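*Asks:* Order-wise, the sequence lines are chains A and B. Using the working numbering, the letters of the first sequence map in sequence onto residues 1 to 371. Using the working numbering, the letters of the second sequence map in sequence onto residues 1 to 310.
Because the hints were derived from the structure by calculation, they are not lab data. Here the structure is a predicted model, which means the values were calculated and not measured. Ideal placement from N, C-alpha and C gives every residue a C-beta, glycine not left out. Treat the hints loosely; a few may be bogus.
As the list claims (entries may be wrong) - If you want the ones that stay clear, here's a sample from chain A, every Cβ over 10 Å from chain B, calculated: (1) K58; (2) A93; (3) V147; (4) E257; (5) S267.
Claimed, not checked - Computed, partial: chain A to chain B, Cβ under 7 Å: (6) N208; (7) A216; (8) T217.
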Amino acid sequence: MKRTVVAVALMSIGLTTAHAQEMVVKLGGAAPLTGNQSHLGKDLENGTRLAIEEANAKGITIGGKKVKFELVGEDDQADPRTGTTVAQRLVDAGVKGVIGHLNSGTSIPASRIYDQAGIPQVSPASTNPKLTLQNFSGVFRTIANDVQQGTGLGKYATGALGAKRVAIIDDRTAYGQGLADETAKAVKETGGEVVAREFTTDKATDFNAILTKIRATNPEVIFYGGMDAQAGPMLRQMKQLGISAKFLTGDGGCSPEMIKLAGDGMSSNAYCSMPGLPLEKMPGGADFRERYKKRFNADVQVYSPYAYDAAMAIITAMQKADSVEPAKYLPELKKSNFPGVIGNVSFDANGDIKEGAVTIYNFKDGAWAPL
Amino acid sequence: METLIQQFINGLVIGSVYALIALGYTMVYGILGLINFAHGDVLMVGALVALQTMMFLMGIAPGMSPLVMLAIALAVAMVICMLLGFTMERLAYRRLRNAPRLAPLITAIGVSFLLQTLAMIIWGRNYHTFPQLIPTTPLQPIPGVFVTPVQITIVVVSALLMSGLLLLVNRTRIGRAMRATAENHRVASLMGVDTNAVIALTFVIGAALAAVAGVMFASNYGIAHYGMGFMPGLKAFTAAVLGGIGNLGGAMLGGVVLGLVESFGAGYIEHLTFGFLNSSYQDIFAFIILGLVLIFRPTGLLGERVSDRA
Numbered sequence: 001m002k003r004t005v006v007a008v009a010l011m012s013i014g015l016t017t018a019h020a021q022e023m024v025v026k027l028g029g030a031a032p033l034t035g036n037q038s039h040l041g042k043d044l045e046n047g048t049r050l051a052i053e054e055a056n057a058k059g060i061t062i063g064g065k066k067v068k069f070e071l072v073g074e075d076d077q078a079d080p081r082t083g084t085t086v087a088q089r090l091v092d093a094g095v096k097g098v099i100g101h102l103n104s105g106t107s108i109p110a111s112r113i114y115d116q117a118g119i120p121q122v123s124p125a126s127t128n129p130k131l132t133l134q135n136f137s138g139v140f141r142t143i144a145n146d147v148q149q150g151t152g153l154g155k156y157a158t159g160a161l162g163a164k165r166v167a168i169i170d171d172r173t174a175y176g177q178g179l180a181d182e183t184a185k186a187v188k189e190t191g192g193e194v195v196a197r198e199f200t201t202d203k204a205t206d207f208n209a210i211l212t213k214i215r216a217t218n219p220e221v222i223f224y225g226g227m228d229a230q231a232g233p234m235l236r237q238m239k240q241l242g243i244s245a246k247f248l249t250g251d252g253g254c255s256p257e258m259i260k261l262a263g264d265g266m267s268s269n270a271y272c273s274m275p276g277l278p279l280e281k282m283p284g285g286a287d288f289r290e291r292y293k294k295r296f297n298a299d300v301q302v303y304s305p306y307a308y309d310a311a312m313a314i315i316t317a318m319q320k321a322d323s324v325e326p327a328k329y330l331p332e333l334k335k336s337n338f339p340g341v342i343g344n345v346s347f348d349a350n351g352d353i354k355e356g357a358v359t360i361y362n363f364k365d366g367a368w369a370p371l
Numbered sequence: 001m002e003t004l005i006q007q008f009i010n011g012l013v014i015g016s017v018y019a020l021i022a023l024g025y026t027m028v029y030g031i032l033g034l035i036n037f038a039h040g041d042v043l044m045v046g047a048l049v050a051l052q053t054m055m056f057l058m059g060i061a062p063g064m065s066p067l068v069m070l071a072i073a074l075a076v077a078m079v080i081c082m083l084l085g086f087t088m089e090r091l092a093y094r095r096l097r098n099a100p101r102l103a104p105l106i107t108a109i110g111v112s113f114l115l116q117t118l119a120m121i122i123w124g125r126n127y128h129t130f131p132q133l134i135p136t137t138p139l140q141p142i143p144g145v146f147v148t149p150v151q152i153t154i155v156v157v158s159a160l161l162m163s164g165l166l167l168l169v170n171r172t173r174i175g176r177a178m179r180a181t182a183e184n185h186r187v188a189s190l191m192g193v194d195t196n197a198v199i200a201l202t203f204v205i206g207a208a209l210a211a212v213a214g215v216m217f218a219s220n221y222g223i224a225h226y227g228m229g230f231m232p233g234l235k236a237f238t239a240a241v242l243g244g245i246g247n248l249g250g251a252m253l254g255g256v257v258l259g260l261v262e263s264f265g266a267g268y269i270e271h272l273t274f275g276f277l278n279s280s281y282q283d284i285f286a287f288i289i290l291g292l293v294l295i296f297r298p299t300g301l302l303g304e305r306v307s308d309r310a
């Protein structure tokens, strides 16, 4: 008799532990965590991390089991080759979804690997149109693409800034080049002239030679397609060369970091664009900024709200499908429709975010001010 | 015409920095036959140490004159880099002095990664704004041509340091010991030259020059970053090869020539090739020149006696 009681007791202990046991679901995060874009990459990863930690704190149950999400963060070094290696590593680690990459140049080659493994990928930062035009069913992005952004920038240069002569520089990355091409197209379509088309790299610090060449063509606006690490020094050098043209750049240069790096080169002549709405105009922006600051003791740079919503899209889809298996929750991910930090999150047939707005910012009183 | 002069100035400024860094490569190569790939990263350490010192000084003595502050920061950076150069030689390279040539080369690459990673841990991943204590407001000596005081400083300081180094190597006792060691370090030690000390001194001088180059580089562009040494290091190495590695005058000439080629290349390549090539071939243009020079003068512009050591 005594023996049976013990046995039953043991059994019940076994059962309760089985119940309490959590199912660990790995989500992949990929961004440059070293190199000169690492501050942006870390910001992106922090966004994902915040979403995952909040979901874990809430205690989500999927398929009758309590789920613990785990972030597998990888450093793609903003390098296409490393990007594919990292993608394969995430697939091998058994992640159920990927939030990343940052650069279009890494997102595009990596997307093929995720597609072959049947793992959905949501990029919070890659804006090159090509990414979602590859007929991969599981590729999404929470940020407006370069067609939307470039058209907005080009029209702004010829319209609100009233420029007839525009010089265009890009850093020869998939992102920079894509954005610059779309901007150039929009400038020409709206009656402007592209007076110079120059190139640099995403590792350069000296732009004096190309800026001197551009200066001779007398542009009213200089557009740069690239990241803040180059755009900042470029602005300084413009000033040192006595160039008074207005400076316009995309989201890669629209960070607080850019203002620091440009130093005294920064003036009301500097403009940048951001896909989507400014943090303070995002429906969940103010609240997000506070939670982010509290958790990481750092300011939101650029992409963390988009990464947060990308992770939320995957987690929400898993909840709706009541499964963490990619094949099961992918249909729900496609149908995503929920209020995120950045606004309503829903995707079009290609996987691009619907109603991807573009906001132009101007430098005013020491910060980027939305126009 | 303004554009031409401006491109010349652009090239001269960046070329002077390349030349200064190239000296460090060429001195070590001249004496040891070793390409010290970590040299570019010493530049980075110099810039970041100077930045740290400036931050500290701004904290304790906000009213300090900018030039004094820069001088102190530069001195601290040079001392730290000299220690770093000494340590590098002592720990990483001395044991490998008689090893096959590939071993120290790979070690140098390893040291380069080590320095970058350490700097990333100490100073973080972000770009830092480097205080521009020498004014950057452009002057216009000729209408339409802009030069900043910091650019003038770079050219002048580089020229002074290079002349100083030439004097040191060619006119002093230490210089004679260095030349003797370069000739043949075993024979030199038989003649009573303390070759270990000479080699250590070579590293120390090279590192000090790299620290100066780093501070000037960061002052000019207003930024500092743990990866900032890589590109200038690579370019300076190219400059050293272009001028004839192992030859001090060659490194200086190579640096300035490379700077000018890059600047004029980016500025005029499109006109020269009727729009076929553009500024995205800026670096390729520099390397084409390097290739051509090496075809016709395999030892570089001023190189000599290199083949017997290679």
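*Asks:* Each hint should be assessed against the structure and marked as holding or not.
*Replies:* Verification of the hints:
1. K58: 31 Å, holds
2. A93: 24 Å, holds
3. V147: At roughly 23 Å from the nearest Cβ of chain B, V147/A sits farther out than 10 Å, so the non-interface label holds.
4. E257: 7 Å, violated
5. S267: For S267/A, whose nearest Cβ neighbour in chain B is about 13 Å away, the distance exceeds 10 Å, so it holds.
6. N208: 4 Å, holds
7. A216: A216/A check passes; min Cβ-Cβ to chain B is 5 Å, inside 7 Å.
8. T217: 10 Å, violated
Checked against the numbered hints given earlier, this structure breaks hints 4, 8; the rest are met.
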